[in-house]
Amino acid sequence: MILEIDGLNFRYPDAPKKAVDSFSLQVPESEIVVLAGASGCGKSTLLRAINGLIPHMYAGDYSGDVRVGGSSVKASSMRELAQRVGFLFQNPENQIFMFTVERDIAFGLENLGVPRQEMRRRVDEAIGLLGIGSLAQRAPYELSDGQKQRVALAGVLAMRPKLIILDEPTSLLDPKTALDFVDLVANLRKDVGATFLIVEHRLDLLVKVADRMVVMSSGRKVLDGSPSEVLMGDEADGFGVSIPAVSRVQKLLAKDGLAGVDRLYDAEEVAAIRQRERR
Amino acid sequence: MMWLSGGFIFRSGNSRFHRLDPRVKLLISILTFATALIARYIYEIGLVVAFILVVAAAATVLTRIARTMALTATFSAFIFVVNFLFTRNLESSSLYAFRFVAIVVSTSLFFVTTTPDELERVMKMFRLPRDVVFAFVTAVRFVPVMMLDALQIMDAQKSRGLELDKGNILRRARNMIPILIPLVVNAVVRSGELAEAMESRAYGASERPTSLVEYRAKRVDKVVALAAVVVFLLAAYSFYSLLAPIAL
Ligand SMILES: Nc1ncnc2c1ncn2[C@@H]1O[C@H](COP(=O)(O)OP(=O)(O)OP(=O)(O)O)[C@@H](O)[C@H]1O
Ligand SMILES: [Mg+2]
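Protein sequences appear in the order of chains R and U. Just so we're aligned, residue 0 is where the first sequence starts under numbering that gives the first Met the number 0, counting upward by one. Just so we're aligned, residue 0 is where the second sequence starts under numbering that gives the first Met the number 0, counting upward by one.
Warning: the hint list may mix true and false statements.
[As the list claims (entries may be wrong)] Here chain R is said to cover these stretches of chain U; the calculated rule only asks that three of the stretch's residues, wherever they fall, bring their Cβ under 8 Å from a Cβ of chain R: (1) 133-142; (2) 185-194; (3) 204-210.
If you're looking for bench data, these hints aren't it; they were derived computationally from the structure. We put the beta carbon where it would ideally sit given N, CA and C, even for glycine.
Work out the full structure, taking the sequences as your base and the hints as a guide.
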C-alpha cells in the first residue's frame with residue numbers, strides 16, 4: 000500500500016466540527032483514485048493531511064494515522080514528505096514562483112540541494128514527460144492556464160514522488176484542455192508508475208481512467224468502490240456528486256433490462272448497445 | 000506608473016549588452032552613476048549622458064532610455080526650480096537638474112536590460128539571505144498578476160455602478176476602497192496558497208540550496224568590466240585635473 004489512512008480526525012482551530020472525521024483509506028500502488036464530494040466536505044483538508052501540511056503547517060486537533068510508503072506523515076519532516084508526495088494545487092498561478100518555466104520546475108530540487116547535473120537530468124525528464132519543451136524559457140505570464148497547469152505538474156514530477164495528489168486540477172481549464180489533462184495523467188501513470196489521488200467535480204472526464212472512486216460527505220468516507228459501482232449505485236446522488244449524464248442514461252436503460260452494470264460505458268457505446276437491442 | 004514601467008521594467012531583448020553577465024551590467028550602471036555624482040560641470044554630465052545613450056543604442060534600448068529621459072525632465076525641472084529659489088545660482092541649479100537625469104538614466108539602463116531572473120542571481124551572488132531574495136522574487140513575479148487582479152476588480156465594481164472618476168479628490172479616494180479591499184483579500188489568500196506550495200516543494204529544506212543555471216563570467220565579461228573601470232578612472236582623473244581647469 001502506498002497510502003494508508005487509519006481513522007483520521009482533524010479539526011481546524013476554533014472550527015465547530017471536524018473537517019475530516021474517522022476517515023480510513025488504503026490505496027495500492029499505481030492506482031488512480033478519484034475523490035468526490037460536495038463543496039466543504041473536507042477534500043482539500045484530507046489532501047493536506049496526506050502531504051503533511053497538516054499537521055506540520057496547520058495547527059488543530061489531530062488524531063489517527065496517515066502513512067505514505069509505510070512511514071508516518073506526522074513523524075516525517077516536510078523535506079522527506081516533499082519528495083514522497085507531490086501536491087498539485089487548484090490554482091497553478093500560485094505555485095509557479097520563478098521567472099522562467101525551467102527554473103520553476105527546478106525549484107523543489109534547488110531547495111533540496113540536488114547537484115546541478117542530476118537536477119538538469121530530472122528537469123529535462125519532467126519537461127519531456129509533459130511535452131513542454133517549447134515553453135522552457137518562457138515567463139509565467141506568457142503561459143495559458145493549461146500550460147501553467149502543466150508547468151506546475153512538471154515541478155511536482157521533477158521531485159519524483161511516489162504519490163501525486165491533485166486538487167480540482169481541471170477547474171480552470173476549458174473542456175478540451177481538461178480532457179487532454181486527464182489523458183496526460185493516464186499516460187503518466189503508465190510512464191512513471193506513480194499513484195494518483197485526484198479531487199474532482201467533473202467526473203465525466205475521469206470515469207475512463209479512474210480505477211476507483213471515493214465519496215466524502217461532512218468529513219466522512221461514505222462510498223468507496225469502482226467508478227461503476229459508485230456511479231450506478233443509488234446513493235451517490237444524495238452526496239452532492241454530479242453523476243455524468245451518460246451514467247444516468249445507462250442506469251435508466253439498465254433498469255429497462257439493457258446491458259449489465261458491470262462497467263461504465265461512454266456515450267457511443269451506450270448508443271451502440273441500444274441500437275443492437277432495438278434490432 | 001507609465002514612467003516606472005517604461006524605464007525600470009525589463010522587456011526581453013537580445014543584444015550583446017543584454018547577454019553580458021548581470022554583475023558587469025550592474026558595475027557599468029554603478030560606475031556611470033558615480034561619474035554623474037562626481038561631475039562638477041554640466042558638460043561633464045553631458046559626457047556621462049552621451050556615454051549612456053551610446054551604450055543604450057548598442058543595447059537596442061535607446062528609445063526606452065530616451066523616453067525615460069523625457070519623462071524624468073519634469074522632475075528635473077522641479078529640482079531646478081527648487082534649487083534656484085534657494086540658491087539663486089543658475090549654474091549649480093542646472094547641474095543638480097542634469098545630474099538627476101543622468102542618475103535616473105544610468106539606473107534605468109541596468110533595469111531595462113536585466114531580467115528578473117538575472118537580478119535574482121545577482122542577489123544570490125552577493126549572498127543576500129535566501130528569504131530576502133525569495134521575497135523579492137515573489138514580489139516581482141506577482142506584480143503583473145496583481146495588476147490583472149486590480150483591473151478585474153475595477154471592472155467588476157464598475158459594472159455594479161461604482162464610479163471611479165467622479166467627484167473631488169476626497170470622493171475619488173473613497174471610491175478606491177471597494178477596489179482595495181478585495182485586492183488585499185485576494186493578496187492574503189494568494190500568500191496563504193503560496194506558503195502551502197512552497198512547503199510542498201521543500202522550501203528551506205536544505206542549508207545549501209543549489210541552482211539549476213550555472214553562472215560564470217566569460218572572457219568578454221571580464222574585458223568589458225575592466226574597460227568600464229578604466230573609463231571610470233580616466234573620467235574621474237580628467238574631471239579633477241585635466242579638463243576642469245580648461246573649462247574654467
Ligand atoms: N484553513 C482553514 N481554517 C479553518 N477552517 C478551514 C480551513 N480550510 C477549510 N476549512 C473548513 O474545513 C471544512 C472543509 O474544507 P475543505 O476546504 O477541506 O473542503 P473541500 O471539500 O475541499 O471543499 P471545496 O470543494 O469547496 O474545495 C470546511 O468547513 C471549511 O470551511
Ligand atoms: Mg477544496
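Unsatisfied constraints (hint numbers, rising): none
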